[in-house]
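Let's have the full structure, built from the sequences with the hints guiding it.
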Amino acid sequence: MRVRSCASLAVAVMLVAGARDAAASVIDSNLAVSPATQANGGGCYPVSIAPGLLDMLTLINPEWAAVDVGAHLPPLSDPVTMHGTIASSKINESGDFPGDHVTDDQNTLIAVDSADMAFVSTGNVSPEGVEAGNLEVEREIGKYPLFAWGGVGDRFTGVGRWIWDCGHPLQDPAGTCSSTMTQSCAVNTDCAPPVCPTCIAGETCVGVDFNYHSELHPPHAIAVSRVGKGYGYSKKVKGGPPATRTDVWISADSGGAGDACLLTHGSLGALLTTECYPLTHPLVDVTTSDFEFDIPLPPRPAGNTQPPRVRVFDQSPKGAARPKVSTTFVDGPTPVVHAVVKLTKTVNGKKATLVGKTIVAGWRHDTTPVTRLRVDVTAIEILNPLKAVTPAIPLAKKCSVTTAQDCSSTACPAGETCLSLGGPTPGWQVFLEANGAWTELPGLGAVASPSTVPQTISYDVALPAGGSLHLHASGKSLACLESQLYGQSLKRDLALYGLTNGALCLADMSKDIGAFDVTYAGPDFGSGGGSTTYATQSSGGDGGTCSTTMSQLCLKDADCPGGETCVVTGGAFKLHYTITKK
Amino acid sequence: MRLSHFVIGLALLTVAGRAGAVTVGDVLASPETYDGKTLSLTGTIESALPVGAESGYNLRDGAARVTVVSRTAPPPVGTQVTVTGTVHAFEGGDDPEDKPFPPFVVETGRTP
Chain A
4 MRVRSCASLA VAVMLVAGAR DAAASVIDSN LAVSPATQAN GGGCYPVSIA
54 PGLLDMLTLI NPEWAAVDVG AHLPPLSDPV TMHGTIASSK INESGDFPGD
104 HVTDDQNTLI AVDSADMAFV STGNVSPEGV EAGNLEVERE IGKYPLFAWG
154 GVGDRFTGVG RWIWDCGHPL QDPAGTCSST MTQSCAVNTD CAPPVCPTCI
204 AGETCVGVDF NYHSELHPPH AIAVSRVGKG YGYSKKVKGG PPATRTDVWI
254 SADSGGAGDA CLLTHGSLGA LLTTECYPLT HPLVDVTTSD FEFDIPLPPR
304 PAGNTQPPRV RVFDQSPKGA ARPKVSTTFV DGPTPVVHAV VKLTKTVNGK
354 KATLVGKTIV AGWRHDTTPV TRLRVDVTAI EILNPLKAVT PAIPLAKKCS
404 VTTAQDCSST ACPAGETCLS LGGPTPGWQV FLEANGAWTE LPGLGAVASP
454 STVPQTISYD VALPAGGSLH LHASGKSLAC LESQLYGQSL KRDLALYGLT
504 NGALCLADMS KDIGAFDVTY AGPDFGSGGG STTYATQSSG GDGGTCSTTM
554 SQLCLKDADC PGGETCVVTG GAFKLHYTIT KK
Chain B
141 MRLSHFVIGL ALLTVAGRAG AVTVGDVLAS PETYDGKTLS LTGTIESALP
191 VGAESGYNLR DGAARVTVVS RTAPPPVGTQ VTVTGTVHAF EGGDDPEDKP
241 FPPFVVETGR TP
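First to last, the sequence lines map onto chains A and B. Using the working numbering, read the first sequence as starting at 4 and increasing by one per residue. Using the working numbering, read the second sequence as starting at 141 and increasing by one per residue.
Bear in mind the hints are in silico, worked out from the structure with no lab data behind them. Note that this is a predicted model, so its numbers are computed, not measured. Wrong hints could be hidden among the right ones.
To be verified - Pulled from the structure, derived: some chain B residues nowhere near chain A, Cβ distances all over 10 Å: (1) A161; (2) P216; (3) T222.
Stated by the list, open to error - Per label pair, the in silico range of CB-to-CB distance: (4) B:G249 with A:T551: 27 to 35 Å; (5) B:G218 with A:D520: 47 to 55 Å; (6) A:D520 with B:P252: 53 to 61 Å; (7) A:V392 with B:S170: 22 to 30 Å; (8) A:T207 with B:G218: 19 to 27 Å; (9) A:L271 with B:P252: 23 to 31 Å; (10) A:T552 with B:G192: 35 to 43 Å; (11) A:S292 with B:T212: 54 to 62 Å; (12) A:D317 with B:S170: 51 to 59 Å; (13) A:S292 with B:S170: 49 to 57 Å; (14) A:D116 with B:K177: 48 to 56 Å; (15) A:P427 with B:K177: 20 to 28 Å; (16) B:S180 with A:V392: 19 to 27 Å.
C-beta atoms are modelled at their ideal positions from N, C-alpha and C, and glycine is treated no differently.
Here it is as structure tokens:
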């Protein structure tokens with residue numbers, strides 16, 4: 004692995020100048036479809052301005068393309084290092100395309116440091132960029148342990164794949180055909196019959212402005228430094244004196260976006276016939292360079308001349324090689340601890356390919372006052388499970404290999420299992436953070452009706468006077484797409500479900516459970532000075548009650564008795580929790 | 141009659157009046173309006189994709205086209221057909237990861 008700094012990028016020549024004044028220092032998203040980028044199957048491939056569903060396969064062929072392959076052939080590229088501050092952190096609440104994901108993505112939006120702004124694209128800062136100029140870092144939930152997820156305000160260093168998000172061309176403005184200028188277009192075929200019956204032969208689409216987003220997707224090495232809080236010097240998260248807790252996760256195994264098989268551009272027919280699962284072609288070898296990053300420190304106490312205290316804890320999975328971490332205090336106006344995870348050195352002859360670390364750093368004898376709090380989450384109350392009355396596709400039973408065989412009444416051949424396909428989809432998936440410390444709420448896999456699921460989650464928090472307590476949930480009510488299609492190829496989907504039921508399952512996306520995002524400021528941080536209990540309902544989201552039969556919960560009109568409509572109210576759950584000052 | 145009732149009544153009359161003449165363009169322009177509804181759409185077959193005994197094909201009506209999935213083989217490319225089927229729209233949102241998938245139709249009948 005050759006990790007490059009932004010300044011050394013060959014694509015520096017691509018920087019936009021003048022055309023988009025407001026974004027003069029960022030990379031032009033139109034380069035995603037330039038002939039140079041598309042050489043050897045690289046780059047992105049847009050679709051017609053009026054595509055059918057089948058046409059959308061083009062957008063995932065591949066779904067992510069390297070911005071710059073350098074000296075490599077696509078899909079290979081050299082990793083880049085990006086630095087920034089986390090602006091938001093959540094799961095992809097609406098679901099990802101399942102054919103190239105093993106699980107949903109965790110999405111971390113970072114406000115990129117000015118020195119790294121060349122990684123940001125015009126699409127990120129355009130009106131199509133809901134990222135408001137930031138850049139998204141995505142890694143599959145199943146390949147990203149919770150201890151290393153970040154929260155708002157945390158510092159971020161990531162090494163990984165700098166890509167165009169090819170699934171979202173976001174042409175704005177659309178182009179016009181070269182002669183028939185009243186005809187809008189995205190690609191040249193929009194300027195010919197039958198899309199444009201009046202167009203002249205040979206017309207091309209001109210002036211289209213694509214707004215592909217650039218992303219770090221996936222990062223294979225992540226360091227998240229939690230600043231402005233207090234932490235104990237321990238492997239487990241707990242409050243303590245002012246300190247910075249940095250959590251590190253390194254792994255080449257990052258799901259679909261890191262696998263060469265899924266990232267290789269091919270024929271559309273190949274998309275439906277190629278079997279990439281189980282994924283066995285990771286794009287990177289994480290052991291070819293060390294992972295380096297700086298850890299910010301809390302404000303230095305007046306008169307303190309000692310170097311900081313630094314403790315390193317290993318979080319690697321059992322049995323994995325545990326590489327050393329060197330830490331060096333770099334004094335100055337903004338002192339930091341420079342950390343290096345020694346990935347290039349083998350450990351007892353073994354490569355360190357799956358690494359977790361936690362580093363806690365703070366000033367010795369720092370007596371700056373902090374408020375210690377405990378947040379106890381006692382229950383989640385499901386007010387509306389957000390389940391359709393009629394499943395997207397009826398329940399069917401098929402053998403795992405002999406997929407044409409119905410196993411509802413006849414046993415499968417030896418060695419095969421009988422799969423349940425379609426039918427009702429129970430379950431919610433909810434992740435909850437307190438200031439960037441994430442937990443997945445257990446016990447939600449069977450949610451199918453209104454219920455209260457007890458929880459025993461506690462957060463131990465320490466906040467300085469100017470700090471705040473941020474509680475935030477990110478989740479979804481699972482539907483057919485999440486529960487059935489992830490981690491398997493389109494070829495497998497077609498074999499199991501067929502085209503019609505496969506499309507119906509794909510269209511049955513997870514439901515929005517509404518937002519839970521509250522912040523408590525000092526001096527009591529929601530504790531009332533002692534202990535305060537809350538039952539906070541989510542706001543917005545899907546679901547409601549039928550217009551007349553108001554006892555009937557619904558997702559859409561079809562869930563209601565004849566003639567009634569579903570009146571969407573959102574607010575599908577309440578979280579019960581207590582904030583206690585310790 | 142309250143103004144809101146009048147407006148709703150007018151809208152219903154408008155939809156009812158167009159019930160037999162919804163076009164592919166109408167569906168694409170407002171997928172959520174037609175989501176779950178059974179309609180008849182007329183157009184020309186293009187880019188058919190047989191998948192086992194099933195098929196997918198694009199139904200074109202002027203500049204607009206919609207994908208139809210069928211539990212049977214596709215009609216010949218280039219033929220004009222009227223397809224009866226149920227519209228399915230993808231839910232969208234303001235998340236950058238939301239896929240901008242267009243609606244599709246699950247065929248329940250076809251003429252010729």
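Satisfaction of the hinted span 20 to 28 Å by the C-beta atoms belonging to P427 (chain A) and K177 (chain B): holds (23 Å)
Taking the Cβ atom of L271 (chain A) and the Cβ atom of P252 (chain B), is their distance within the range 23 to 31 Å? Between L271 (chain A) and P252 (chain B), where Cβ atoms are some 29 Å apart, the hint holds.
Please confirm whether A161 (chain B) is truly not at the interface, meaning its C-beta sits more than 10 Å away from all C-beta atoms of chain A. The claim stands: A161 (chain B) keeps its Cβ more than 10 Å from every Cβ of chain A (closest is about 20 Å).
Indicate whether the distance between the beta carbons of D317 (chain A) and S170 (chain B) respects the range 51 to 59 Å. holds (56 Å)
How does the Cβ-Cβ distance of S180 (chain B) and V392 (chain A) compare with 19 to 27 Å: does it lie in that range? For S180 (chain B) and V392 (chain A) the Cβ distance comes to about 26 Å; the hint holds.
C-beta pair S292 (chain A), S170 (chain B): status relative to the range 49 to 57 Å that was hinted: Cβ of S292 (chain A) to Cβ of S170 (chain B): about 52 Å, so the range 49 to 57 Å holds.
Against the range 53 to 61 Å, how does the distance between the Cβ atoms of D520 (chain A) and P252 (chain B) compare: consistent or not? holds (55 Å)
Please check whether G218 (chain B) and D520 (chain A) have a Cβ separation lying inside 47 to 55 Å. holds (53 Å)
10 Å cut-off, C-beta based - T222 (chain B) kept clear of every residue in chain A: Holds, because the least Cβ-Cβ distance between T222 (chain B) and chain A comes to about 17 Å, which exceeds 10 Å.
For D116 (chain A) and K177 (chain B), compare the CB-CB distance with the range 48 to 56 Å and indicate the outcome. holds (50 Å)
Hint check for S170 (chain B) and V392 (chain A) - Cβ pair distance inside 22 to 30 Å: Holds, since V392 (chain A) and S170 (chain B) (Cβ atoms, about 24 Å apart) stay within the stated range.
C-beta pair T207 (chain A), G218 (chain B): status relative to the range 19 to 27 Å that was hinted: holds (25 Å)
Of the numbered hints listed earlier, not one is contradicted by the structure.
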